[in-house]
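2 protein chains.
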Amino acid sequence: MSVTRPTGFRAAGATAGLKASGRPDVALVVNDGPEHVAAAVFTSNRVQAAPVLWSRQAVADGRLDAVILNSGGANACTGHQGFQDTHATAEKVADLLGISAGDVAVCSTGLIGELLPMAKLLSGCEAVATSLSADGGPAAAEAIMTTDTVSKQASFRATGWSVGGMAKGAGMLAPGLATMLVVLTTDAIVSAAQLEAALRTATRLTFDRVDSDGCMSTNDTVIALASGASGIPVPDHAIERALTEVCADLAMQLVRDAEGAAHDIRIDVVSAATESDALTVARSIARNNLFKCAIFGGDPNWGRILAAVGTTDAAFDPATIDVAINGILVCRAGGVGDDRTLVDLSPREVHIVVHLKSGDAAATVWTNDLTHDYVHENSAYST
Amino acid sequence: MSVTRPTGFRAAGATAGLKASGRPDVALVVNDGPEHVAAAVFTSNRVQAAPVLWSRQAVADGRLDAVILNSGGANACTGHQGFQDTHATAEKVADLLGISAGDVAVCSTGLIGELLPMAKLLSGCEAVATSLSADGGPAAAEAIMTTDTVSKQASFRATGWSVGGMAKGAGMLAPGLATMLVVLTTDAIVSAAQLEAALRTATRLTFDRVDSDGCMSTNDTVIALASGASGIPVPDHAIERALTEVCADLAMQLVRDAEGAAHDIRIDVVSAATESDALTVARSIARNNLFKCAIFGGDPNWGRILAAVGTTDAAFDPATIDVAINGILVCRAGGVGDDRTLVDLSPREVHIVVHLKSGDAAATVWTNDLTHDYVHENSAYST
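First to last, the protein sequences are chains X and R.
Read in the working numbering, the first sequence has 94 at position 94, and its numbers run on one by one without any break.
Numbers given in the working numbering equal positions in the second sequence, counted from 1, plus 1000.
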């Protein structure tokens, strides 16, 4: 499990005192090589946190030696001082490890709009640098949690090589990417171009299809590191499949631990004219607060699904669309279908299927219901 | 006040038994002329309720003699039977009043996806037709309430003529239009083209700028009726101003009574490159659940505003944007501004100002916070 599953990696977590809770808040993942191949994808939000701006530059040459991560503060909307703080963090880690600051990615998560307490953070860097170990993955995964209730780790094992990963993410989960920090590791021998292509495919089909609350973060980052320590060169399709499996596993862990959620909702839009149409419809449903409240209330209120579909420009005929909730075809041909009281919404997993009857394309989006606990957690988060 | 404020109109409300609560649920507004000019705007949702489909046809010739409205059922996603039910309702009212069914608009509001109990509704039509009176506006306004806690009425008085209006709307408030039913009346002499143009301008600047929960209904309808009973011809700008004032008044009543809301939030986006940019940014903020939860929690979490702005394609520089909450400039030049603890969020009214610093355009959107009561009301609505 986790980022130290593949050979060639060490990791650690420590408590720097950034969080009021006193829980671990600094993590470090180091690639000991022999190779130091890296790729990353970042939030598509135009307001980007200082660590995103820094890490985008750091990974541009396809090489990273280490990733330093902190919870307890996003270092977003913090101006020049925020960027200098990120730079200083990378320099500190580089000094401690005897590497170049330009090969250190920085990730931060927490409240937007406050400067990080740098003395504490730099002390935390020292703590993690001196406690690195080949089984430090779980400690690193724990140190990046914010409102997560459990740490998220996953791995994929092939013959002679493997992929590991850790993630944090609980609120602000929406595409482009879903809001989160993710570090993936592999000991396969892959080129930077291979890793980049595989990572883009993997995130497009996994994290990008998670839309817990429609809110896109300023700090989303997914970084993949390849050490080559297995000595095994791996073809494109193999690394793509391995990364996709690990990302899918982590994405489902994010959904299951979304802030305050009582239901995990899988929305399949099928028989769409295009995948883009299917995705547009699935996202529109996933972002409809009335629908999400209804699911929380155990109410198979399919009219709210139809109303959400109707706001899109996807190809469909309101007079032929079908909708099933947990296997009951509650809407048939755009009208009243089977008895809605037959729908059982007591399980945590809810399955919506929308039949657009306009083609052969399909897409799936995962979301959560809208609950009292979501409101509670997000109205009290920064205070 | 209300739709019977102008001369030439009668109205009534009655209880047909469509609502479990036993409260009034059928309303009728009749234009006694001498003129019968009408205009209407409808939801832009592609899934449109049967009464919307019917009324769009009825008003196409610029004439309506009456509007029959019911709460307790939306008659949306009800297929051919639903349309036949709407047709039967119009025929019944036409018979009772001795007019043509093609001059009767029908509006319905309530749960989507269930057929109306027609025997009850047709009895209700008889009840309202026999109780029509020149001071029946308030009774009609009460009969169209669903989860509204108060009825909504407004009026505008000019020299010798006036405009009156009533509205219902509490949940599913989002543009295109905001979700609601509205009937406006005037005794001015105006042409159908004048009334249509004035109504489009009025709704664009009022109801279309209300976005309580981002959810667009299948039943939104705003109908304007002109009796000409004042004998006074009115120029374009005068009818436009009068309709806009009444619509703005009703729109603010909708915001103040939005389901479960604890705060009314005015979002001004200023110094935008275009009005469209300003509107896009304002809507993005208005639909951000995390921001809306923060306001509910009394937390001036401006980072969530920046994150919402960053998801748009509006012209702005993340390094220069300013944000004020209730007069405190919490974000200056994209970074930390004045002390956020100075912001007082205890009043119900909250004022957000976003300075994009990209031009001279501006737009305002009204929304509400996201509260426990919103989740409660919308998870229990149909059960």
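Hints in this document: simulated from the structure, not taken from any laboratory.
Backbone N, C-alpha and C fix where the C-beta goes; we use that ideal spot for every residue, glycine too.
One or more hints might be untrue.
[To be verified] Quick partial rundown of chain R residues pointing at chain X, CB under 8 angstroms, derived from the structure:
1. E1114
2. M1118
3. P1138
4. L1290
5. H1351
Going through the hints against the structure:
Look at E1114/R: its Cβ gets to within about 7 angstroms of chain X, closer than 8 angstroms, so that hint holds up. Restraint check, M1118/R versus chain X: the minimum CB separation of about 15 angstroms is more than 8 angstroms; hint violated. Interface hint at P1138/R: violated, since its Cβ lies 29 angstroms from the closest Cβ of chain X, which is beyond the 8 angstroms cut-off. The closest approach between the C-beta of L1290/R and any C-beta of chain X is roughly 5 angstroms, which is under the 8 angstroms cut-off, so the hint is satisfied.
Below 8 angstroms, beta-carbon pairs count as interface contacts, and H1351/R has none with chain X, the closest being about 19 angstroms; its hint is therefore violated.
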